[in-house]
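Engineer: Sequence:
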Amino acid sequence: MNLIIQDDVQKKTLKAQVTRAVKQLVRFGWEQALSCLFPVVIFASLALTKVFTPPILPRYDWLLIICLLMQWFMVRSGLETRDEIKVITMFHLIGLALELFKVHMGSWSYPEEGYSKVFGVPLYSGFMYASVASYLCQAWRRLNVELVKWPSLFVVVPLATVIYLNFFTHHYWIDVRWWLSGLVIIVFWQTWVTYEVGGIRYRMPLALSFVLIGFFIWVAENIATFFGAWEYPDQADAWSPVHLGKVSSWLLLVIVSFLIVATLKLVKGKNHTGKDGN
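With the working numbering, letter number 236 in the sequence shown gets 823, and the count goes up by one each step, no holes.
Keep in mind that the hints were calculated from the coordinates and are not lab data.
None of the values given here were measured: they were computed from a predicted structure.
Incorrect hints may appear among the rest.
Straight-line C-alpha distance at most 20 Å; calculated EDC-like pairs for lysine to aspartate or glutamate [to be verified]:
#1 K637 - E733
#2 K704 - D648
#3 K610 - E783
#4 K637 - E700
#5 K736 - E783
Please model the complete structure; the sequences and the hints are all you need to start from.
Structural biologist: In structure tokens:
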């Protein structure tokens, strides 16, 4: 009789644990979905303007207008703060500079016409980088992200700078992306990111979060190129999946993005702490 009761209790406990885990997963997914609002709008716009030819203006110009309106809505509705807008604007400029250089070097191209193209690069492209920053900022706030054993700024800032510069210099010199990837693992080996879901805190190795975000951006890149956001040389005749090796590029770009956001968040946090202490 006791064995039957114990077995029944164990089943109820297991069921409760599974139910709790599913609820937490749904909560986490919902917060992630809200954080991805800007990227989702961009992908939806890419798909719709690909299927339905927009009137009056070329497609790239409509995409720029949609991105500008979405950015205005994000600020007006309070979904993004003024401080986050500063970070997102920085990413827009960083991304646009990279786009201008890479298109000039023939790494990829924007084959369609557009009034808002500068040296072959449509201005809406900067918003694709800004949307990554938007996701990071929103997820940081919604999940109450904290960093454990974050390295010194004297290490983080030069590392982010060198990673970004390698996107340019590898065209003229050796490509050190794999060396940089190894250096990232060494620098952040003991660093963890903690986040909150439903009042419960979880933690993950920071290096793993880099890999996961980089992979999903690579998936998004396949969707974007399928809908003609841009094209690589091997996609000129017909679309084909983006080479898996591009994950390493996106991984490093995500690292640069995260390091900038984290550095600004930490600096702002210290400033607020100092003001409170006074």
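Engineer: If a hint holds in the structure, say so; if it does not, say that too.
Structural biologist: Do the hints match the structure? See the list:
1. K637 - E733: Since the Cα atoms of K637 and E733 sit roughly 40 Å apart, the hinted pair is violated (cutoff 20 Å).
2. K704 - D648: holds (8 Å)
3. K610 - E783: holds (14 Å)
4. K637 - E700: OK: K637 and E700 at ~14 Å, within 20 Å.
5. K736 - E783: holds (18 Å)
Figure legend: structure checked against the earlier numbered hints; the only hint not met is number 1.
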